[in-house]
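The whole structure should be built from the sequences, with the hints applied where relevant.
Going down the list, the protein sequences come from chains A and B. Mapping of the first sequence onto our numbering: residues 1 to 193, in sequence order. Mapping of the second sequence onto our numbering: residues 1 to 417, in sequence order.
Hints are computed from structural coordinates only; laboratory data are not their basis. Misleading hints may appear alongside valid ones.
Unchecked claim - Here are the computed lysine to any residue pairs in the SDA-like style, where the Cα-Cα straight-line distance is at most 20 Å:
(1) Lys286/B to Lys357/B
(2) Lys286/B to Pro342/B
(3) Lys274/B to Pro63/A
(4) Lys357/B to Phe2/A
(5) Lys3/B to Arg161/A
(6) Lys357/B to Asp68/A
(7) Lys274/B to Asp366/B
Residues per chain, in single letters:
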Amino acid sequence: MFQIRIHGRGGQGVVTAAEMLSVAAFREGRFAQAFPSFGSERTGAPVVAFCRIDDREIRLREPIMEPDALIIQDPTLLHQVDVFAGVPRTAYILINTTRSFDALGVGEFVSGFDAARLCTVPATELALKHLGRPVPNAALLGGFAAVSGRISLESVAAAIRDQFSGKVAEGNVAAASEAYRHVSDEIREAGHA
Amino acid sequence: MLKQIEGSHAVAEAVGLCRPEVICAYPISPQTHIVEGLGEMVKSGTIARCEFINVESEFAAMSVAIGASAAGARAYTATASQGLLYMAEALFNASGLGLPIVMTVANRAIGAPINIWNDHTDAMSQRDCGWIQLFAEDNQEALDLHIQAFRLAEELSLPVMVCMDGFILTHAYERVDVPTQEQVDAYLPPFVPRQVLDPAAPVSIGAMVGPEAFMEVRYLAHAKQMQALELIPGWAAEFRRAFGREAGGLVRPYRTEDAETVVVALGSVLGTVKDTVDELRDRGVKIGVVGIACFRPWPLEAVRTALATAKRVVVLEKSLAVGVGGIVSTNVRTTLGGRATPIYDVIAGLGGRSITKASLARVFADAIADSLELTTFLDLDRNVVDRVLAHEREVRRSGPIAEAVLKEVGVVAARIG
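Structure below.
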């Protein structure tokens with residue numbers, strides 16, 4: 001089983017991101033379960049959503065306390081919510097930011113982690129560019145596909161088109177595709193460093 | 001057709017396939033997505049020959065369902081929590097009149113203190129209102145139970161509540177197999193009411209009944225539920241043959257063959273319990289679980305059979321009868337009356353508290369060691385409770401309890417589960 005935890009704020013499409021990720025995994029013939037941490041449904045409030053992916057039926061209903069991958073949609077949460085709770089050193093971490101892990105003040109925390117699994121992507125900027133709206137969720141899924149290799153970009157694009165239609169779908173697919181390339185380049189550079 | 005959809009939408013699709021004729025509902029979290037989905041399906045014509053009636057309250061929703069059902073329409077509604085309580089009087093009318101309404105209850109806690117999260121207090125508060133109560137383990141079963149519920153309700157002329165865990169199921173995306181219209185039509189025949197308000201053949205429904213006949217009418221309601229116990233396994237078997245999967249029935253044992261410890265639970269927590277049981281089995285622990293699929297009528301014989309060889313029973317339940325303890329466990333105690341088997345009652349997940357494998361493994365280990373208290377509250381913060389009690393002893397005007405507990409617990413925004 002592969003478990004993903006997504007942190008963001010109300011209005012950033014955190015719950016939709018987890019749902020689309022589960023649809024992408026489903027399209028690849030896997031079992032997937034997505035669910036939000038329910039609560040304050042207010043714009044700007046911290047929101048957590050979860051996604052499990054497995055090759056067999058998923059029965060477990062507890063929240064994901066030790067994620068294999070962490071997606072942070074809003075870096076301002078880093079020092080407000082315990083986003084790294086239970087995150088093992090083997091985890092993939094993807095942060096929506098134009099800054100580095102060090103500049104965000106989390107360099108020390110991730111010092112023992114596998115550098116190839118730590119990525120940043122300017123998802124909000126990509127969403128503004130392709131969609132005209134600062135909703136970073138789809139772009140981050142593209143980045144997640146690149147960093148984790150657990151899902152294909154094609155499946156992410158298909159899940160986005162299931163969720164949205166017309167220009168919104170295509171803008172999100174474009175943002176996800178560019179994020180995929182951005183993160184792929186980042187990993188390659190980390191490999192050379 | 002396999003789909004990856006939200007539980008609420010899976011239920012909306014299932015209800016749509018059952019060809020409802022009247023849907024009336026008042027929105028309340030976490031039921032809202034179900035009726036929103038149905039509203040869209042009625043408006044778009046996906047559900048043909050159906051009227052969606054907006055009502056001003058849950059009391060009205062159930063009253064409209066009663067009227068519609070008495071007029072011979074296949075009627076459906078859905079609610080949760082305070083909404084179910086607001087219907088309470090009409091619930092007794094629906095069952096007392098023997099009207100086969102199907103209702104989804106997206107299980108949620110009851111306030112005060114106000115809480116929108118999941119537990120079973122709402123459905124349990126209405127356990128004696130004369131409705132059949134089925135509990136879904138996952139979204140596939142939630143979908144399937146609705147198809148069975150209409151069949152069951154109409155065959156028995158009794159209303160059926162399909163209970164599914166609010167948020168945990170209603171808001172979860174998972175894989176479901178949505179049957180075809182042909183499959184559902186083959187399983188669920190058109191509604192032929194036992195009683196109907198028909199100008200061509202006038203009857204009155206809802207007579208005043210005095211002491212001379214009231215006992216008999218109530219006895220017949222009981223007898224009908226007892227009859228349901230005989231019929232439900234057959235309908236579940238027929239469902240399995242038609243749809244190729246298990247759903248419903250009375251009880252569902254899992255790894256109980258040689259189990260010395262048997263956990264009894266209902267609803268979506270069964271998945272986490274089964275995973276925990278598998279891990280304990282891998283370590284050689286003889287433990288199994290019995291899922292209660294049908295809570296009302298209470299399947300006394302089936303539970304007794306399923307627990308026949310258990311040396312101890314752990315009843316895990318998401319509800320609390322204040323001043324008593326467990327509700328499901330009270331039923332289990334009645335079932336095992338006369339046996340010396342210890343029955344441990346574990347109250348868990350109230351108001352949406354996460355139920356984790358780690359906590360379950362711990363409480364099961366305590367049960368196996370027979371060191372568990374007969375009534376235990378899973379992951380209760382005893383320190384907080386003790387501090388609040390101490391404050392109450394010291395200060396006469398100790399203030400509101402919920403606020404005091406929140407103050408003791410502190411900021412929770414940083415927590416994950």
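Out of the numbered hints, which ones does the structure contradict?
none
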